[in-house]
Amino acid sequence: MLPVNELRNIIQEKSPLIHNITNVVVTNFTANGLYALGASPVMAYAEEEVADMASVSQALVINIGTLTKPVVNAMLLAGKAANKAGVPIILDPVGAGATPYRTETAQRLLTELDITLIRGNASEIANLSDENVKMKGVDSTAEVTDAAEIAKNVALKWKTVTALTGKTDVITDGHITYTVENGHALQSKITGAGCLLSAVTGAFIAVHDNVVEAAAAAIGFYGVAAEHAATRRDNMGPGHFQMHFLDALYDLKPEDIEQLISIHS
Amino acid sequence: MLPVNELRNIIQEKSPLIHNITNVVVTNFTANGLYALGASPVMAYAEEEVADMASVSQALVINIGTLTKPVVNAMLLAGKAANKAGVPIILDPVGAGATPYRTETAQRLLTELDITLIRGNASEIANLSDENVKMKGVDSTAEVTDAAEIAKNVALKWKTVTALTGKTDVITDGHITYTVENGHALQSKITGAGCLLSAVTGAFIAVHDNVVEAAAAAIGFYGVAAEHAATRRDNMGPGHFQMHFLDALYDLKPEDIEQLISIHS
Amino acid sequence: MLPVNELRNIIQEKSPLIHNITNVVVTNFTANGLYALGASPVMAYAEEEVADMASVSQALVINIGTLTKPVVNAMLLAGKAANKAGVPIILDPVGAGATPYRTETAQRLLTELDITLIRGNASEIANLSDENVKMKGVDSTAEVTDAAEIAKNVALKWKTVTALTGKTDVITDGHITYTVENGHALQSKITGAGCLLSAVTGAFIAVHDNVVEAAAAAIGFYGVAAEHAATRRDNMGPGHFQMHFLDALYDLKPEDIEQLISIHS
Numbered sequence: 001m002l003p004v005n006e007l008r009n010i011i012q013e014k015s016p017l018i019h020n021i022t023n024v025v026v027t028n029f030t031a032n033g034l035y036a037l038g039a040s041p042v043m044a045y046a047e048e049e050v051a052d053m054a055s056v057s058q059a060l061v062i063n064i065g066t067l068t069k070p071v072v073n074a075m076l077l078a079g080k081a082a083n084k085a086g087v088p089i090i091l092d093p094v095g096a097g098a099t100p101y102r103t104e105t106a107q108r109l110l111t112e113l114d115i116t117l118i119r120g121n122a123s124e125i126a127n128l129s130d131e132n133v134k135m136k137g138v139d140s141t142a143e144v145t146d147a148a149e150i151a152k153n154v155a156l157k158w159k160t161v162t163a164l165t166g167k168t169d170v171i172t173d174g175h176i177t178y179t180v181e182n183g184h185a186l187q188s189k190i191t192g193a194g195c196l197l198s199a200v201t202g203a204f205i206a207v208h209d210n211v212v213e214a215a216a217a218a219i220g221f222y223g224v225a226a227e228h229a230a231t232r233r234d235n236m237g238p239g240h241f242q243m244h245f246l247d248a249l250y251d252l253k254p255e256d257i258e259q260l261i262s263i264h265s
Numbered sequence: 001m002l003p004v005n006e007l008r009n010i011i012q013e014k015s016p017l018i019h020n021i022t023n024v025v026v027t028n029f030t031a032n033g034l035y036a037l038g039a040s041p042v043m044a045y046a047e048e049e050v051a052d053m054a055s056v057s058q059a060l061v062i063n064i065g066t067l068t069k070p071v072v073n074a075m076l077l078a079g080k081a082a083n084k085a086g087v088p089i090i091l092d093p094v095g096a097g098a099t100p101y102r103t104e105t106a107q108r109l110l111t112e113l114d115i116t117l118i119r120g121n122a123s124e125i126a127n128l129s130d131e132n133v134k135m136k137g138v139d140s141t142a143e144v145t146d147a148a149e150i151a152k153n154v155a156l157k158w159k160t161v162t163a164l165t166g167k168t169d170v171i172t173d174g175h176i177t178y179t180v181e182n183g184h185a186l187q188s189k190i191t192g193a194g195c196l197l198s199a200v201t202g203a204f205i206a207v208h209d210n211v212v213e214a215a216a217a218a219i220g221f222y223g224v225a226a227e228h229a230a231t232r233r234d235n236m237g238p239g240h241f242q243m244h245f246l247d248a249l250y251d252l253k254p255e256d257i258e259q260l261i262s263i264h265s
Numbered sequence: 001m002l003p004v005n006e007l008r009n010i011i012q013e014k015s016p017l018i019h020n021i022t023n024v025v026v027t028n029f030t031a032n033g034l035y036a037l038g039a040s041p042v043m044a045y046a047e048e049e050v051a052d053m054a055s056v057s058q059a060l061v062i063n064i065g066t067l068t069k070p071v072v073n074a075m076l077l078a079g080k081a082a083n084k085a086g087v088p089i090i091l092d093p094v095g096a097g098a099t100p101y102r103t104e105t106a107q108r109l110l111t112e113l114d115i116t117l118i119r120g121n122a123s124e125i126a127n128l129s130d131e132n133v134k135m136k137g138v139d140s141t142a143e144v145t146d147a148a149e150i151a152k153n154v155a156l157k158w159k160t161v162t163a164l165t166g167k168t169d170v171i172t173d174g175h176i177t178y179t180v181e182n183g184h185a186l187q188s189k190i191t192g193a194g195c196l197l198s199a200v201t202g203a204f205i206a207v208h209d210n211v212v213e214a215a216a217a218a219i220g221f222y223g224v225a226a227e228h229a230a231t232r233r234d235n236m237g238p239g240h241f242q243m244h245f246l247d248a249l250y251d252l253k254p255e256d257i258e259q260l261i262s263i264h265s
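Residue numbers (the UniProt record's numbering), protein chains in the order written: chain W, 1 to 265; chain R, 1 to 265; chain E, 1 to 265.
Next up, chain W with everything else stripped away, as it sits in the complex (with noise of 0.2 Å):
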């Protein structure tokens, strides 16, 4: 088994920073998802700060979710500086595919920097994949298969590890390949809750050098903070929901992650 809890105790201990250029609609939820977490958030945009924070950051957290020109410029200078300072970066190409712009935009920042996860869904990661991959993925029914052979594509084609996440996850870097059954519906009931996971993901490979081993277990430690959550009262709403998760997200003893995560090679 991955190192689930040990990695979630260190973030607890060491509280590493991590520097978040997201979107409007999920920064007050990913801000306190990572302090439930145990890390220490920061979001900085402007131009004359963020090489500065990145540099100094455990991570970097680039979210597409509201562009702007200024925002791509300072995702640019911070992942610059981030990985002058050997920084990794977690890139969440929210809607990649949804518009020519966030398509474009999601291609440029894996040009220019060196990325060190993709997180997504599958629509996203496909979009970011070769182009006879993607066809197939959305042709084919075998859903999962698919999934692990777009993943694998974009992670070669952009020497990155990418994390597609659904109801099954997979977290590969093109050789080496997890998938994660865990999780809950309600997650896509509320915003962020993808968003939240890129950061808490950023947070583990903080302090965890090996890439795919930090995104896997973080996967699975967020999949059954959600499925904890959602059994917490009766007729679960996202409203109660979100508080529960953030809770989960807290106080979610060992001995619950060790019985419900469910990760495989």
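Rather than coming from a laboratory, the hints here were simulated on the basis of the structure. Check the hints yourself; a few may be wrong.
[Unchecked claim] Only part of the chain W face toward chain E is listed, based on derived beta-carbon distances under 10 Å:
# : residue
1 : N32
2 : E47
3 : D52
Just so you know, even glycine gets a beta-carbon here, dropped at the ideal spot from N, CA and C.
Fit chains R and E to the supplied structure of chain W, relying on the hints for placement.
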């Protein structure tokens, strides 16, 4: 009775894409409210992509709560694309009258775009009406009668449906008028209750061509959700109300809606 | 004892308008906290309107948590209008010291504007003090004594009231000093607890001319609300704490305040 439950079911089934260009205070709550309702929210602000996004949406919601010049430009670009594609536009003129910039921007949007529905409070709507109506509205004591007169004036002046919401809500195209008597005082103790209502109205209009009916149904449904949420706990405060309200948007029962809803024509 | 309950009652009655130019992470929580308290929050950022809005507000709160150049310009325009109109200004120097840009911006705002109150943590306040005090503060072990010395130095240096908040809060104009011993550890596990405190302090200053007293009362009230909220549930986590805390700002009983509050001069 208006087909409130039927429209809500269609939203849950079809999950219409609602493009929001809204203020930074309420983005998260708006996205969560639309998800809870069953719609698909997307926020996009960049001049480079708003036309693409608005064109493929089922409704565009523009909210002037925290305007800046780039955001106004994005609203105009998105709005023109929406008009061209036949996508309905909902305008929430937050704070119209509070500063000249807000009033002028609201009027500019109404002049340059074909707006389907304006949703605001009495003061905001009055600031978009003809001068003589506005004055009378401020002086008079007959509040509901005045609200209806102001709403009708604004609807006819800008050739749009107007929803003036408050203790009694008035929805009118200048000829057909509905009033709604639902809602709860706690709505005024949380931020974004009005902004989310505008977005929810967008979701109802996205699935029903009769704009006055769709808006009245949305406003009635929303008010019932607030009433229901407010009774879920003793000593309900605004913190817990938010969560119960999101839950109610998600799982309010059809029979509760039928029992509590109060819409009159 | 300071007139804590009296000031809170005046806020609930008069509902002072608090203009916030704050960071994108905490806008929603800040607005909800001010509504729960009984104040009227407004957020406005556009250079075209901030002077108008600040002039008609009862307090202006500027927070440098997610600076960009247009926001700094807006803060200067709003601040100059506030100074001209006699509207008090609260500065929250989030992250001063974390990057040169933040430190320089905080100092620029203090130089160009007449700031009524600075509210920050020890590190932020120390970065606005004279060099010799800062050094001593970092080296010393006598934390509270140091905090008081740093706060006094900053108050005298910038001719303002300084509130340095932490385990013990110090509020001083350089001559009169209050300390507050309220609050709860969960405040550090959610984002925006400090930012909302700055805004709440603005509401108290809006209704009471004695700034040191108003700030000490606000900080004591806020700490009691946190303590009260933290005990409302077994196994309180940060998710639920947020909701209970907003509720406490709304309905905390006067007798609970009197019993728990710990302010000393």
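Here's how the hints hold up against the structure:
A least Cβ separation of about 5 Å between N32(W) and chain E falls short of the 10 Å threshold, and the interface hint therefore holds. Restraint check, E47(W) versus chain E: the minimum CB separation of about 8 Å is within 10 Å; hint holds. Interface restraint check for D52(W): the shortest CB-CB distance to chain E comes to about 4 Å, inside 10 Å, so the restraint holds.
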